[in-house]
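Undergrad: As given, the protein sequences belong to chains A and B, one line each in that order. Residue numbering for the first sequence follows this note's numbering, starting at 1 and increasing by one per position. Residue numbering for the second sequence follows this note's numbering, starting at 1 and increasing by one per position.
Errors might be hidden in some of the hints.
As the list claims (entries may be wrong) - Just a few of them, taken from the derived set where beta-carbon distance is under 8 Å, the chain B residues facing chain A: (1) L7; (2) D8; (3) I85; (4) R88; (5) R89; (6) W92; (7) R95; (8) L96; (9) R98; (10) L99; (11) F102; (12) L103.
As the list claims (entries may be wrong) - Stretch-level coverage of chain A by chain B, calculated; a stretch enters the list once three of its residues show a Cβ under 8 Å from a Cβ in chain B: (13) 20 to 32; (14) 117 to 125.
No wet-lab data here; the hints were simulated from the structure. Backbone N, C-alpha and C define an ideal beta-carbon position, used for all residues, glycine too.
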Amino acid sequence: MTQRSTKHATFTIERIFPVSPARVFAAYADAKAKARWFGGPDEWEKSNLTLDFRVGGRESVSGGPSGGPVHHYNALYQDIVPNERIVLTYEMHLDKTRISVSLGTTEFKPAGEGTKLVYTEQSVFLDGHDDAGGREQGTRGLLDNLEAALRRVA
Amino acid sequence: MQPVAPLDLTFQALADPTRRTMVERLSRGPASVSELAEPLAMTLSAVVQHLAVLEASGLVRSQKAGRVRTCRIEPKALQAAERWISERRASWEHRLDRLGAFLAETEPKPRRRRKT
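So that you can see chain A by itself, here it is in the shape it has in the complex:
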């Protein structure tokens, strides 16, 4: 029997890219470009990314380690301001189990000649299913790591 639970979390990641907001935005707006960097780790087997980049449009991609569970990502675009902002909601399935539902906000801000990208994710994580990947990161110093994460959340 599944133990029902919900966990909520928010995090923010910031990156500076040395190219214009229009170029970073284009890497999100074009299916071919997005397939080059989105999706799972390089060694994963992946299905083709589908992207209907407009408000109300959907995006999906599946993938997973060879012989392992398949991660399914299904997104719905909620708000698009060209070169400035993308808001979407997405859910993740691990095989046939829904493991999380998230609100993802990506902002593209001019920073000198480049772009500051700010990605904020607010999620509910269902029934304690682990999202594979990144587990090995747990070996770093507990408090150092947590502090760094919280600084970015703050």
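With chain A held as given, fit chain B onto it using these hints.
TA: For chain B alone, kept in the frame of chain A given last:
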């Protein structure tokens, strides 16, 4: 075995700089309430209130022996919070690494001006 505290409480507890200072102090070893209060510019009762939030979150446990209440960290709650954030973040950090590499690869060549 104690049930793991809900992550909401953990994050709420850690959202306050005073409580993070207390957690940092306790990560170096157990301390009494007055030792915890010493570096903080606030009343003992305010410190006790912060301590109550930390205890409710499961991050900290305290035990009274005679007149001294000794506080110590409960690593399990910290681990659960740390793991959840690091997993979600890690997958996004990797994606953005790949985005950076993709942007660098597809950098349009600067146009050469034709010499006249």
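Undergrad: Each hint needs a verdict: does it hold in this structure or not?
TA: Evaluation of the provided hints:
1. L7: Holds. Min distance 5 Å.
2. D8: holds (6 Å)
3. I85: At 5 Å from the nearest chain A Cβ, B:I85 passes the 8 Å test, so the hint holds.
4. R88: Status holds, d = 6 Å.
5. R89: holds (6 Å)
6. W92: Constraint on B:W92 satisfied, holds at 5 Å.
7. R95: Hint holds; B:R95 Cβ to chain A Cβ min 6 Å, cut 8 Å.
8. L96: Where the cut-off is 8 Å and the nearest Cβ of chain A is about 5 Å from B:L96, the hint holds.
9. R98: holds (4 Å)
10. L99: holds (4 Å)
11. F102: holds (4 Å)
12. L103: holds (5 Å)
13. 20 to 32: Answer holds; 3 residues pass the 8 Å Cβ test.
14. 117 to 125: Per the Cβ count (5), the hint holds.
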